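A.B. asks: Quick note, the sequences are listed as chains A, B, C and D, same order.
Per numbering that gives the first Met the number 0, the very first residue in the first sequence carries number 0; after that it's consecutive.
Per numbering that gives the first Met the number 0, the very first residue in the second sequence carries number 0; after that it's consecutive.
Per numbering that gives the first Met the number 0, the very first residue in the third sequence carries number 0; after that it's consecutive.
Per numbering that gives the first Met the number 0, the very first residue in the fourth sequence carries number 0; after that it's consecutive.
Hint data in this document are derived by calculation from the structure and do not stem from the laboratory.
Do not take every clue at face value.
Claimed, not checked - Below are the DMTMM-like pairs computed for lysine to aspartate or glutamate, each with C-alpha atoms no more than 20 Å apart in a straight line: (1) A:374 - A:211; (2) A:374 - A:144; (3) B:374 - B:211; (4) C:374 - A:129; (5) D:374 - D:144; (6) B:374 - D:249; (7) A:374 - C:249; (8) D:374 - B:249; (9) D:374 - D:211; (10) A:374 - A:141; (11) C:374 - C:211; (12) D:374 - D:141.
Keep in mind that this is a model prediction, so the values were computed, not measured.
4 protein chains.
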Amino acid sequence: MPFTEAREARDPHPAAGPAAERVRRYLGVRHTTLSLAEPLSAEDAMVQSMPEASPAKWHLGHTTWFFEAFVLTALRPERTPFHPAFGYLFNSYYVAAGPRQPRPERGLLSRPSLGEVLTYRARVDEEIAEALERGMPDGIADILELGLHHEQQHQELLVTDVKHAFAQNPLRPAYRPEPPRRAGAPAPALSWLERPAGVHALGAAGAGFTFDNERPRHPVAVPAHALASRPVTAGEWLAFMEDGGYRRPELWMSDGWAAAARQGWCAPLYWLEDGGRWDQFTLGGVRPVDEAEPVAHVSWFEADAYSRWVGARLPTEAEWELAAAAAAPDGTFLEDGRLHPAALRPREGVSGPRQLLGDVWEWTASAYAPYPGFKPLGGALGEYNGKFMVSQLVLRGGSCATPRSHIRPTYRNFFYPDARWQFTGVRLARGP
Amino acid sequence: MPFTEAREARDPHPAAGPAAERVRRYLGVRHTTLSLAEPLSAEDAMVQSMPEASPAKWHLGHTTWFFEAFVLTALRPERTPFHPAFGYLFNSYYVAAGPRQPRPERGLLSRPSLGEVLTYRARVDEEIAEALERGMPDGIADILELGLHHEQQHQELLVTDVKHAFAQNPLRPAYRPEPPRRAGAPAPALSWLERPAGVHALGAAGAGFTFDNERPRHPVAVPAHALASRPVTAGEWLAFMEDGGYRRPELWMSDGWAAAARQGWCAPLYWLEDGGRWDQFTLGGVRPVDEAEPVAHVSWFEADAYSRWVGARLPTEAEWELAAAAAAPDGTFLEDGRLHPAALRPREGVSGPRQLLGDVWEWTASAYAPYPGFKPLGGALGEYNGKFMVSQLVLRGGSCATPRSHIRPTYRNFFYPDARWQFTGVRLARGP
Amino acid sequence: MPFTEAREARDPHPAAGPAAERVRRYLGVRHTTLSLAEPLSAEDAMVQSMPEASPAKWHLGHTTWFFEAFVLTALRPERTPFHPAFGYLFNSYYVAAGPRQPRPERGLLSRPSLGEVLTYRARVDEEIAEALERGMPDGIADILELGLHHEQQHQELLVTDVKHAFAQNPLRPAYRPEPPRRAGAPAPALSWLERPAGVHALGAAGAGFTFDNERPRHPVAVPAHALASRPVTAGEWLAFMEDGGYRRPELWMSDGWAAAARQGWCAPLYWLEDGGRWDQFTLGGVRPVDEAEPVAHVSWFEADAYSRWVGARLPTEAEWELAAAAAAPDGTFLEDGRLHPAALRPREGVSGPRQLLGDVWEWTASAYAPYPGFKPLGGALGEYNGKFMVSQLVLRGGSCATPRSHIRPTYRNFFYPDARWQFTGVRLARGP
Amino acid sequence: MPFTEAREARDPHPAAGPAAERVRRYLGVRHTTLSLAEPLSAEDAMVQSMPEASPAKWHLGHTTWFFEAFVLTALRPERTPFHPAFGYLFNSYYVAAGPRQPRPERGLLSRPSLGEVLTYRARVDEEIAEALERGMPDGIADILELGLHHEQQHQELLVTDVKHAFAQNPLRPAYRPEPPRRAGAPAPALSWLERPAGVHALGAAGAGFTFDNERPRHPVAVPAHALASRPVTAGEWLAFMEDGGYRRPELWMSDGWAAAARQGWCAPLYWLEDGGRWDQFTLGGVRPVDEAEPVAHVSWFEADAYSRWVGARLPTEAEWELAAAAAAPDGTFLEDGRLHPAALRPREGVSGPRQLLGDVWEWTASAYAPYPGFKPLGGALGEYNGKFMVSQLVLRGGSCATPRSHIRPTYRNFFYPDARWQFTGVRLARGP
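Turn these sequences into a full structure, and let the hints guide you.
C.D. replies: What follows is the structure, encoded as structure tokens:
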């Protein structure tokens, strides 16, 4: 079943009213995932280039299984699943939902075919749409809402996993033509936004959707500090490299130095040296590094070393969130279609922090941990966030591969300190 | 480019005469490879389930590259290769032919697509066919001949690699429907064929094609011994298992015991216990083990332990070749389309060894080593066989996945003693 | 040079006065290390049972090198080191102090002999004592003070590393006879100490010695919570085990479940099942688990899973420190010579938390990170604490192998969440 | 118990006659082992520098256990073993004799102490000596004889394992002072000893002691060939290195090239580059490479690559044995105390092969396999040789660390093709 059919099959709901609106919203999010997969051949959609990444086909199946397992089955426990093995194949990590395909072996699944997975999506979407039209109990509607945010997370992962997969191919294929881009202008000078010490509330309150890990809102003592007005640029990163940043152990955490040696890091992921010039592999193919762009694809270890080199530090998530609460979003998001962080345009007469949302996820100094009073969701969905709350670091702000409607100032992402394949960058802080 | 087109494109040579005959032979072998790939989707053709196995698409590309690199380039050194990167992507291990895609990462190559590889095949076949019609210098014709035997080796590997790939998929897909099969009749009783001690000639002589490793013919002192009339059957193997064969270290080589423990062996590869009954995964799907069939997918370590358990030993390659020189071929080959070893039918009034050729490769007691006076081919093709002549064991006779025209009594195959994914079985010997 | 000589050589300072007092203090700490090594043969002192542990001989040499490299060389830069290779052999991880013996290969050093290392100690001690008598510049006296606390840390590591080494030996040797012990009495009931929400100061202030990582003192918002009156006991841990605690993934962090599976955890380290009864290996040999003792040798992952099972959580380091600031120390320390956590004796009329200091290090929920305004020491000693401030968890309170004079309420220890060979235990918290 | 006491305790047998002779022979061999361990401290005797090597203390215990388990227990089944755990600790690989200490963890055994192991030796020696005086049944006397040859094998391993252990120590300790040595004279020119094709008998016959793997004597067809008159020298190896021998994949087996890359080989083991000059670590410390010495400490992979570089090949074991049967022994053995291969002195008027026995083990082209009709010993001792007969290569001739009385022309040693820590060298062959 080609992509077009799959999409048409799922858009028969032109009616007005709140139910139709709910259906439109659901299908809109689901449609975005399909659009992201559309430039891929069935072969492209099968590649798993490392255990941490998943094939695009698996993302398409897994997000569908999420709605089937947690929404459709909750609505009609007696319902026969679309396929008896899809629970096994497309469960990611929900131990309570049963055994599953080992993560590093997702790339071996030539069957089901991409076509079968698209049919699976179409069928589940139809059932969900009908259910939405009929109306849904509140508890289940909440899970559906969670499923849509879950789908958006996988949109970003699909993009970053494809980038990693294509980067392994010596043909260096482009995912799609690179959109036109303003190059050559330097980034605005970095300035520092001061904030005196105080006790502030951190985390989400109120009725809008958030993940469980953003709650409850709680007081945090924040020291006097200054936050950088914009992310670190590729040009600034080059200066770090030229000053021996990757060869000076005194700048690095002990574990970071070991990771850099073991993996041979000497530049951000996807940077390629070509006769003294630095190119980078992007989703539009290989092109020169643009010094005005925010640097991306650096690990926490590198971000931390860079901040020490420059005499600063990474911000805590509280410091970051305080700034973001007041900032106007001016970053690049998935909807912009660039799939690459963009150089910041100068903006007259504005002094607030820029690109806090969008462009690059910003590593914080904060370990990922439960907020005081954290309550995970009930049942298998309690595994969504809580069981990862150790050994990872919080990132904030979303990236050029994050849907605009998905991100918010209280949003907490998390990765291990050596992860580099996301669009991860650096915002500095100083003080006290 | 679908398979049909690819095939038609390459069959425009209805003329008669020796040149047309050469073309027909070439296209016949090449066509067989395509037929073997035809049941596979582009996704199936991408799976690499372990470093030792390769995706079907890679086999299709590599065998084509062999003709391009060693035949077309030799004919016209100024010729522009079909694609500048295919030398890198499809070189297997010829160091003299340049750098290459790391073997364990062949499964990451979603590009070139299967269609592009089929086009590559069609173009190279056209060029080769034209060159064959024009006539080819002897030295290059010899390489072309080698290329056809090389292609046949990859036909077998394509089949065994697909079997391994599909076996990893929890859906247990069938490569094609299983052909009808006579089941239930017991295998003929095993008898022993005695031979007194003597000095015999081993290896190939004469003008027909052989690999370099089969030459030169040379004398070998062979002790008095007896060779089993047929391979060990699955039923006999079950008796070994039931007698604790996999749990008795005294039956095993030290390295074999360690390999069995490390990999958790308790039955041949692809055997699946199902409530006390043994099933097996075949290229036609899962079905019960047939006790009359030759056992397959056992490593040398297992074959060796079995032979010790039964009070016998594995034959040397000299003992095996002496018997094979005189035997009538009555085994199962690739052309039979079974892709599984077949139970032996009783044959009245015949006392010679049976199934020496076909059905299962038979592990020998002989380490793979050069014959006295061995001369490897010149240039990059000298790497074809010679550089593997240590740490592997010789197998003889071909299997149900070997083309009939490819195998002969002097043929030497070789694998590491823990390899199990080929159709490898056991013939016993005794004495002196 | 036997231990006695070594000790005598270093005690010729009977004079009175502040200089003599400083010498006595220095030699006292150094003498304790020797006493701990004294039950060991030269062979015992060589064992390195895992990369994370070090041979006792290495501890003896490394602590001496610390004084030589950072005190004696600072006093007299022109001084010839005791041995040209000892800097290489006995540097632990100070990159700025030069290259060093790879950590996992410390156990290969049969040379220098234990005798030579004892001589090295004696010589360095003599030089230090003389320098102390002459008087020392303040900056260097501070480093000497740091060296003594460093020495005390290695006293604890020496003990825990010997325990791990002896536990690998099938003879299960005792380090020394087990001291008499009160067994059989149950632990006092656990009660909860409530504290309302508030902003409190965390960390060290004032003039006494602390490590750099305990500073600066800074405000922290602490939620309303309750802290357990005593650590979890071995008997309570048994109940967790009997309720399937090690087999229920829903209780575990994702990384913890993987670690438990990989390493086969089903009880605390050093617990041995013997026909349905649980014994444990201690420094006094193998003896039954005493249910009233605090459980020890559990990883953070286990502590976290246990706390979830019991419907509680681990305390943050702020919660812990607030309680400890006011508590009377009543735990077991190195000086007690038990080298094992002791069952708590009931104490009439006292309601405060018990065993906060001593017996077992208590895992907290807090990731090890710099306090706001953290300033590492200058030079190579800046590597002492700072470069480990990621991926580890804070432990508080010291253990039965910690010198009493070494521990204090603001003290921060840190280990990876899978570490088990220290005397690590669990204190629970609840709320908000 | 110091070495002297241990030795005296075992030498109270001054009487004459065949029994006394047997006792003297037994104690003589046992005494040699002690002498080899005597330069070692208890700490030295504990080092295990890789899984393939064992601590000297373990060799001392294991060889004693061999006599206890296979001789004393056979004589008196009711006898109480010296220590209940020594069977576990000192069994090497005899599965039939029970479970054992994992090989890679032999270096963790600080207990039993070296003194206890020496006492163990003394006690077992006393018991054996008494039993020998009383007279022993033939079957058991045969095992005792085997035990003495086993002891001699461990004498060589003790020496090579100590060399490997000391080489890991940055202090580069000398095992004992290097004996005086004639340096500077070039090696005699290499000549070739021709032999026409023929069928010859290979292997041992007759009544003297041999291992089971040397039997039975059997015919082998040997091609016309020439054998080098002496081993390859270090000077010749330098020429190979200078010609890029370690950087030219076309010279290497595929597995060898991978091993060389993985382990970073660029010279024989123990060679150290020092400012353009090559030194080597010997049991007498570091000294310059002597170009006239036979090269040692090269793997089969290196030996094979060298022979290809020079246009020759390695001899088969049949070719080697034919030459050795007639050659006069003129090599260096353990008794000479050099513990290093010696440069060959010119010998007037003699044309036969030299240094066939002694100096360096010579890699052959022959895989280690059973001779036709091979019968392993009965019981646990059947594991002595037979279970290693796959994946290893045969070496012949003994080395400077082999006792003269231990080696003979039919002796078959065997190692994996990447082993380098034995005194392994190269003799070339050519033809047919």
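A.B. asks: Compare the distance between the alpha carbons of residue 374 (chain D) and residue 249 (chain B) with 20 Å, and conclude whether the hinted pair is satisfied.
C.D. replies: 14 Å, holds
A.B. asks: Residue 374 (chain A) and residue 144 (chain A) were given as a pair; does the straight-line alpha-carbon distance stay at or below 20 Å?
C.D. replies: Holds, at roughly 18 Å.
A.B. asks: Does residue 211 (chain D) lie within 20 Å of residue 374 (chain D) when you go C-alpha to C-alpha?
C.D. replies: 7 Å, holds
A.B. asks: Does residue 374 (chain A) pair with residue 249 (chain C) here, judged by a C-alpha cut-off of 20 Å?
C.D. replies: 14 Å, holds
A.B. asks: Residue 374 (chain A) and residue 141 (chain A): Cα distance at most 20 Å?
C.D. replies: Distance ~16 Å between residue 374 (chain A) and residue 141 (chain A) Cα, so the pair holds.
A.B. asks: Quick one, are residue 374 (chain C) and residue 211 (chain C) close enough, alpha carbons at most 20 Å?
C.D. replies: Since the Cα atoms of residue 374 (chain C) and residue 211 (chain C) sit roughly 7 Å apart, the hinted pair holds (cutoff 20 Å).
A.B. asks: Check the hint pairing residue 374 (chain D) with residue 144 (chain D) against an upper bound of 20 Å on the C-alpha distance.
C.D. replies: At roughly 18 Å apart (the allowed maximum being 20 Å), residue 144 (chain D) and residue 374 (chain D) satisfy the hint.
A.B. asks: Straight-line Cα separation of residue 374 (chain A) and residue 211 (chain A) no greater than 20 Å?
C.D. replies: The given pair, whose Cα atoms are some 7 Å apart, holds under the 20 Å limit.
A.B. asks: Within a Cα-Cα threshold of 20 Å, do residue 374 (chain B) and residue 211 (chain B) meet the stated pairing?
C.D. replies: 7 Å, holds
A.B. asks: Given the hint that residue 374 (chain B) pairs with residue 249 (chain D), does the C-alpha gap stay at or below 20 Å?
C.D. replies: 14 Å, holds
A.B. asks: Is residue 374 (chain D) close enough to residue 141 (chain D), meaning Cα to Cα at most 20 Å?
C.D. replies: 16 Å, holds
A.B. asks: Could you grab the alpha-carbon distance between residue 374 (chain C) and residue 129 (chain A) and see if it respects the 20 Å cut-off?
C.D. replies: 61 Å, violated
Checked against the numbered hints given earlier, the structure breaks only hint 4 and satisfies all the rest.
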